[in-house]
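The whole structure should be built from the sequences, with the hints applied where relevant.
As you go down the protein sequences, you meet chains A and B in turn.
For the first sequence, UniProt numbering assigns the number 1 to the initial residue and increments by one for each residue that follows.
For the second sequence, UniProt numbering assigns the number 1 to the initial residue and increments by one for each residue that follows.
The set of hints was computed from the structure by calculation and includes no laboratory data.
All C-beta atoms, glycine included, are put in the ideal place defined by N, C-alpha and C.
There may be inaccurate statements among the hints.
[As the list claims (entries may be wrong)] Computed Cβ-Cβ distance ranges for the label pairs, DEER-style:
1) A:Gln612 to B:Arg243: 34 to 44 angstroms
2) A:Val171 to B:Gln292: 51 to 61 angstroms
3) A:Leu131 to B:Arg243: 47 to 57 angstroms
4) B:Gln292 to A:Gln6: 45 to 55 angstroms
5) A:Arg674 to B:Glu119: 57 to 67 angstroms
6) A:Arg674 to B:Gln224: 32 to 42 angstroms
7) B:Arg179 to A:Arg674: 47 to 57 angstroms
8) A:Arg674 to B:Ser174: 40 to 50 angstroms
9) B:Arg282 to A:Arg633: 31 to 41 angstroms
10) A:Arg633 to B:Gln292: 19 to 29 angstroms
11) B:Gln224 to A:Arg616: 28 to 38 angstroms
12) A:Leu131 to B:Asn300: 56 to 66 angstroms
13) A:Arg674 to B:Lys209: 30 to 40 angstroms
14) B:Arg282 to A:Arg616: 39 to 49 angstroms
[To be verified] Okay, derived cross-link-like pairs now, EDC-like style, lysine to aspartate or glutamate, Cα gap no bigger than 16 angstroms in a straight line:
15) B:Lys112 to B:Asp41
16) B:Lys137 to B:Glu123
17) A:Lys654 to B:Glu262
18) A:Lys654 to B:Glu267
19) A:Lys228 to A:Asp332
20) A:Lys654 to B:Asp217
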Amino acid sequence: MSLVYQIPRKALWWLLIAQAAVILPLLQHLPSWLILVWTVCVAWRVQIVRGVYDAPKAMVKVPLALSMVVALIMSFGKLFALEPLVALLLLTFLLKLLELQSQRDVLLLLLLGFFVGSTQLLFSTSILAFLYAVFSFTLLLSAFMALHTATESKSLWQSLKKSSLIILQAVPLAVLMFFIMPRIGSLWTVPLSSGAGKTGFSDSMAPGNISQLNKDYSPAFRVDFADKKSPPQRELYWRGISLSAFDGRRWEISPQDRDPRHRYRRLRQQQQRFTQQWQEDFTNYRQQQGVPYVDYELMMEPSFQPWLFSMATAQVALKDVVSTNDYLFLRDSPVAQRLLYRVRSYPQFLREPEDLSRGQNFVNTQLPRGFNPRTRELVESWRQEGSSDRQIIARALRWFQGEFTYSLQDTSLAAENPVDDFLFNRQRGYCEHFSSAFVVMMRAADIPARVVLGYQGGQWNDDEKYLLVTQADAHAWAEVWLPDTGWQRVDPTNAVAPERIELGFREYIEQASAASETNGFAELRQAPWLAQMQMRLDALNYSWQSWVLSYDQEQQLIFFQKVLGGDEHWRIVAALMASATLVLAILGLWLWWRARPLPPPPELLPWLQLEQKLQRAGWQRNPAETAQQFAERIAAEKPELAGILKRYTQLAYKLLYLPANTEQQDAIVQQLRRLRNSLRL
Amino acid sequence: MSHSVLQQSLEQLGKVVLGKESQLKLAMACLLAKGHLLIEDLPGMGKTTLAHALAAVLGLQYQRVQFTSDMLPADLLGVSVFDAQNSRFDFHPGPIFTQLLLADEINRSTPKTQSALLEAMEEGQVSIEGETRPLPKPFFVLATQNPVHQSGTFPLPESQLDRFLMRISLGYPSAAAERLLLKGVNPREFLKSLQATMSLEQLAELQAKASEVHISDHVLDYIQRLVQFSRDYEGFSYGISPRGALALVSAAKAWALVEGREHLLPEDVQAVMPAVMEHRLRASSHAAGQGQALVDVVINAVDVLQG
Chain A
1 MSLVYQIPRK
11 ALWWLLIAQA
21 AVILPLLQHL
31 PSWLILVWTV
41 CVAWRVQIVR
51 GVYDAPKAMV
61 KVPLALSMVV
71 ALIMSFGKLF
81 ALEPLVALLL
91 LTFLLKLLEL
101 QSQRDVLLLL
111 LLGFFVGSTQ
121 LLFSTSILAF
131 LYAVFSFTLL
141 LSAFMALHTA
151 TESKSLWQSL
161 KKSSLIILQA
171 VPLAVLMFFI
181 MPRIGSLWTV
191 PLSSGAGKTG
201 FSDSMAPGNI
211 SQLNKDYSPA
221 FRVDFADKKS
231 PPQRELYWRG
241 ISLSAFDGRR
251 WEISPQDRDP
261 RHRYRRLRQQ
271 QQRFTQQWQE
281 DFTNYRQQQG
291 VPYVDYELMM
301 EPSFQPWLFS
311 MATAQVALKD
321 VVSTNDYLFL
331 RDSPVAQRLL
341 YRVRSYPQFL
351 REPEDLSRGQ
361 NFVNTQLPRG
371 FNPRTRELVE
381 SWRQEGSSDR
391 QIIARALRWF
401 QGEFTYSLQD
411 TSLAAENPVD
421 DFLFNRQRGY
431 CEHFSSAFVV
441 MMRAADIPAR
451 VVLGYQGGQW
461 NDDEKYLLVT
471 QADAHAWAEV
481 WLPDTGWQRV
491 DPTNAVAPER
501 IELGFREYIE
511 QASAASETNG
521 FAELRQAPWL
531 AQMQMRLDAL
541 NYSWQSWVLS
551 YDQEQQLIFF
561 QKVLGGDEHW
571 RIVAALMASA
581 TLVLAILGLW
591 LWWRARPLPP
601 PPELLPWLQL
611 EQKLQRAGWQ
621 RNPAETAQQF
631 AERIAAEKPE
641 LAGILKRYTQ
651 LAYKLLYLPA
661 NTEQQDAIVQ
671 QLRRLRNSLR
681 L
Chain B
1 MSHSVLQQSL
11 EQLGKVVLGK
21 ESQLKLAMAC
31 LLAKGHLLIE
41 DLPGMGKTTL
51 AHALAAVLGL
61 QYQRVQFTSD
71 MLPADLLGVS
81 VFDAQNSRFD
91 FHPGPIFTQL
101 LLADEINRST
111 PKTQSALLEA
121 MEEGQVSIEG
131 ETRPLPKPFF
141 VLATQNPVHQ
151 SGTFPLPESQ
161 LDRFLMRISL
171 GYPSAAAERL
181 LLKGVNPREF
191 LKSLQATMSL
201 EQLAELQAKA
211 SEVHISDHVL
221 DYIQRLVQFS
231 RDYEGFSYGI
241 SPRGALALVS
251 AAKAWALVEG
261 REHLLPEDVQ
271 AVMPAVMEHR
281 LRASSHAAGQ
291 GQALVDVVIN
301 AVDVLQG
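So this is what it looks like as structure tokens:
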């Protein structure tokens, strides 16, 4: 019978701890039955170590592995996407636990752990995720340490201590590599997280869409204004898409624009062939002297949608992005990774003030027939009373101001004529209800109008000087076209609940929930300390993203040019060597400092000075020789020195070996100096 | 006073043990440091004469025990004998109840007897039949042993060697001394005429004085360097124990007193080093040598003045 390899117990402990740590952050993305698999594997392994069970035979292992893969495909419905592939990797990491037949297997398992531990960074790149990854790597390293020092290490903690030390020692190297390693882009593409199930923006608006979003405080994007000051809250309208098509209940993008890829290609081709009128207007405007503008950088979280956000009227500097004729921006592919872009907004630019094209006019005044008759009646009656376009807008807003309540609760509308139901019966609702009803009213009066979806406001972080816009800030408002002024923003929510706009969403719900229990805002409230903490954490993450994660090839080039004065290879090599030398020099200095010779005690100094003098004349004391023996040796060879040396040693001995007498000491030292000076060799 | 007494004693001893001044001084220092002395040498080198002379000069009670392989502890410590008349046990003290015990050829006896001596040397008392009996004060053991490679010896274990403050050997006499001897001048004749040069009180006073010899930080540094070296050096299987270091200090102090000084010099340390350290060091391999060679390694490697 051959001996069965047994993993050292301490190594097994660390292995299990590290495994738990590696699995933990993946659980929210992967099916929960994986926990069960892990538990079974751990139990089995522990029983193997205790000698109760045998290691599974191939007869068991092969069907087990196959069934796991099948189970994976069944729970995801596919295999070649990010989550199932990560799950597959994780499964191998778990099942390998049953197959530790040699130290090599354990090493393999641990190395696999580093890969699995890295995969969590595919789902989140926040600083917490990064720190957690470092933490789990430390645990894996501890398992390595425990495996290799099984016979020496006394306690479980010793391995952790050692591995932490190794991680700390690696920090300078990691920092160096971070700056210097070539950023070659991605060598392979990972199928990115599909964003399924994530709340976010959608390309249509039906009642209830946005109030869903308002429960989500995850960041949508962050804005870094060039002058480190935020414009007032009421001007922070972040436009995303405009919706022109209405089917009586639901607002959508016009049918010909609904496929974003197709739309992107069409727009690109159009704009390559000739410049559109609206583009030319904008360009001319921008070239005028003294037009006001706002500069900012927007760092967008993955939205899995192709639209970019900006304040009216914006110019975005980014490849693969086209501007649409409603002055919005469309990307050629969904924003699946964090995206940073620079924007310049001209708030006073008038959009298409001269004339609206027939097509635009048609699209933006179209209303489905037969829906919402009472609304039409009302607006037509206003028209018949002789109201102008502007008067109708004002009347509509005044009407909202009168009876309507801004609320999250009890906002379901009749399926038949939802706008009628909202305007005449319910009279309470949320931004999507107001904007929808308002645009319907405008269109009933033949005023071109559309719904705009985006975000409103944001939270100013005063420590780091940036604006955080969360999903909760999602908002819908209206744009109407009037001759001479062109497209103008009208926000009916502002008429109903001006505080919502003035204060921003978070502040508003603070106040609104305090004022009344029935509007449904109370459940959105956060404890102030929690909000504070989130703010801090967000600031940390923002710095992490802007300083670390956005360090790409371009940034590296800037870094090289700034620090090294160029990016030629020799400079990089020289920098590498210089920094390595620096690190080694510091280390060497430290080692020397630790073992530096202590300064000789003052009583010994006179003797050492004599020794130096004798040494220059070629006399070297042997270590074992006492001062007296040394002096006698010299005296034997040079009798003329005998007297003075004898005297000197006597005095030196007095200093060194007799009970200390501070009064005499100085006198003796003086005497010794005189003697030393009179010594002629 | 003290120095002259010591000089006088050494002079007296020198008449009996010819040409062995430094060994005599070491033996004297050993007694002043309240340590036991082990003399290792071939038979017929004057070990016993030295012991006799020491006892006579110091005016101590003296007993001699010849150790043999069939000797039992009771032969050394004493026995209780039943007195039929009085119906009780009477204790008959053994030869160990004396002030100066010459344990001749100690390594010829079995370990059992050797260890009976151990308690006496360490504690100044003996336990016989469950009763602890104090030994007279002062109590010195002067043991002689034949070189270990001679047949019929039980080498003393390290633990027992450590109980001896010093181990010295006399060596062959100088040509002049031997000449005198051969001419028929028998030094043993003088033994009878030797007079005690000091009283017990004077001896105690000298011992106290020896322990008060001033030792400066520089000498302590030197001793610590020596001890540390013996522990770090790969050529030794083990280094000097703290007890060994303590022995070195007290022996050197006593030596300084014998030299007529009241402060310690590194020369004193070097002088007693062979006697104190030799039997406390063991080379890690036979190639590394033994005895004096080992001590020389330590002395030569450690700087007297600087660390």
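Status of each hint after checking the structure:
Here the CB-CB span from Gln612 (chain A) to Arg243 (chain B) is close to 39 angstroms, well matched to the stated 34 to 44 angstroms. Range check, Val171 (chain A) to Gln292 (chain B): Cβ separation about 55 angstroms, and the 51 to 61 angstroms hint holds. Distance hint for Leu131 (chain A) and Arg243 (chain B): a CB-CB separation of about 54 angstroms, consistent with the stated range 47 to 57 angstroms. The beta-carbon spacing between Gln292 (chain B) and Gln6 (chain A), approximately 53 angstroms, falls within the hinted interval of 45 to 55 angstroms.
A C-beta distance of roughly 59 angstroms is found between Arg674 (chain A) and Glu119 (chain B), which places it inside the suggested range of 57 to 67 angstroms. Roughly 33 angstroms separates the CB atoms of Arg674 (chain A) and Gln224 (chain B), a value that falls within the hinted 32 to 42 angstroms. Hint check: Arg179 (chain B) to Arg674 (chain A), Cβ distance near 51 angstroms, so the stated range 47 to 57 angstroms holds. The hinted window of 40 to 50 angstroms between Arg674 (chain A) and Ser174 (chain B) holds, with their beta carbons roughly 45 angstroms apart.
Judged by the Cβ atoms, the range 31 to 41 angstroms given for Arg282 (chain B) and Arg633 (chain A) holds: they are separated by roughly 33 angstroms. Taking the beta carbon of each, Arg633 (chain A) and Gln292 (chain B) are about 22 angstroms apart, inside 19 to 29 angstroms as hinted. Gln224 (chain B) and Arg616 (chain A) have their C-beta atoms about 31 angstroms apart, which keeps the hinted 28 to 38 angstroms range intact. In this structure the hint that Leu131 (chain A) and Asn300 (chain B) lie 56 to 66 angstroms apart at CB holds, the actual value being about 57 angstroms.
For the pair Arg674 (chain A) and Lys209 (chain B), the supplied restraint of 30 to 40 angstroms holds, since their beta-carbon distance comes to about 36 angstroms. A hinted range of 39 to 49 angstroms for the beta carbons of Arg282 (chain B) and Arg616 (chain A) is consistent with their spacing of about 42 angstroms. At roughly 23 angstroms between alpha-carbon atoms, Lys112 (chain B) and Asp41 (chain B) are farther apart than 16 angstroms, so this suggested pair is violated. Proposed proximity of Lys137 (chain B) and Glu123 (chain B) is supported: the alpha carbons are some 12 angstroms apart, at most 16 angstroms.
Pair hint Lys654 (chain A) plus Glu262 (chain B) holds up; C-alpha atoms about 12 angstroms apart against a cutoff of 16 angstroms. Proposed proximity of Lys654 (chain A) and Glu267 (chain B) is supported: the alpha carbons are some 14 angstroms apart, at most 16 angstroms. Simply put, Lys228 (chain A) and Asp332 (chain A) have alpha-carbon atoms about 31 angstroms apart, too far for the 16 angstroms limit, and the pair is violated. The suggested pairing of Lys654 (chain A) with Asp217 (chain B) holds, with an alpha-carbon distance near 13 angstroms, which does not exceed 16 angstroms.
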